[in-house]
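Asker: FYI, in mature numbering (1 follows the signal peptide of the UniProt record, and there is no 0) the residues of the sequence shown are -22 to -1, 1 to 166.
Treat the hints as calculated values from the structure; they're not laboratory data. Some hints here could point you the wrong way.
The calculated label-pair distances, taken between Cβ atoms and stated as ranges, are [as the list claims (entries may be wrong)]:
id : residue 1 : residue 2 : range
1  : Leu(-10)  : Pro139    : 42 to 48 Å
2  : Ile44     : Leu127    : 26 to 32 Å
3  : Phe60     : Lys164    : 42 to 48 Å
4  : Phe(-19)  : Ile70     : 27 to 33 Å
5  : Pro34     : Asn161    : 39 to 45 Å
6  : Ser134    : Arg38     : 54 to 60 Å
All C-beta atoms, glycine included, are put in the ideal place defined by N, C-alpha and C.
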Amino acid sequence: MKKFLKLCPTFGLLLGFCPSLAVTTAVSNALGMGLAFTFVLTFSNFFVSLLRRVIPEGARIPLFIIIIVTFVTISDMLLAGFVPDLYKALGIFVPLIVVNCIILGRAEAFAYKNTVGAAVRDGLLNGFWFTVGLVILAVIREALGAGTLLGYPIFSANFTPILLFVLPPGGFLLIGFILAYLNEDKRA
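Whole structure, please, built from the sequences with the hints as guidance.
Answerer: Shown next, in the form of structure tokens:
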């Protein structure tokens, strides 16, 4: 279980906390953000790798950001046009994918140095594991904080939701518990 959790960038690399805390109050939000993130990461990696031989060394970071912004904008427009409720629920956090260090880090550390196929595979895998991390958090937070999964009740009518779990402090606590579990065998 620990190896599985460490593949998720949020738990293994301690990256992507902003969307992890903000959008994981519902599984549907986590899935939507994860898909948008995976779309942006995969296509950004594709184009960075495709253009790596023509991108000047000194201009690579600004050009990476332009590529990333392009796919974040496309993702934002697709969500607004096809799933407006999800678009409203995710709010500012889809545009904030632009500054997610996982995406820029993968462009710089991997896509710029590898083939298109390898870069796309890297984008899909990292996007998948980021989505898995979001969904893990969302399942726990939605179940305990609202008593539902994907909006459907999962407990008896007597269940009293623990509202802390749908608030940011609940997200922080949950991430803290998961990180403590992952690091329980390490000494301080």
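Asker: Which of the numbered hints above does this structure break?
Answerer: Violated: hints 1 and 2.
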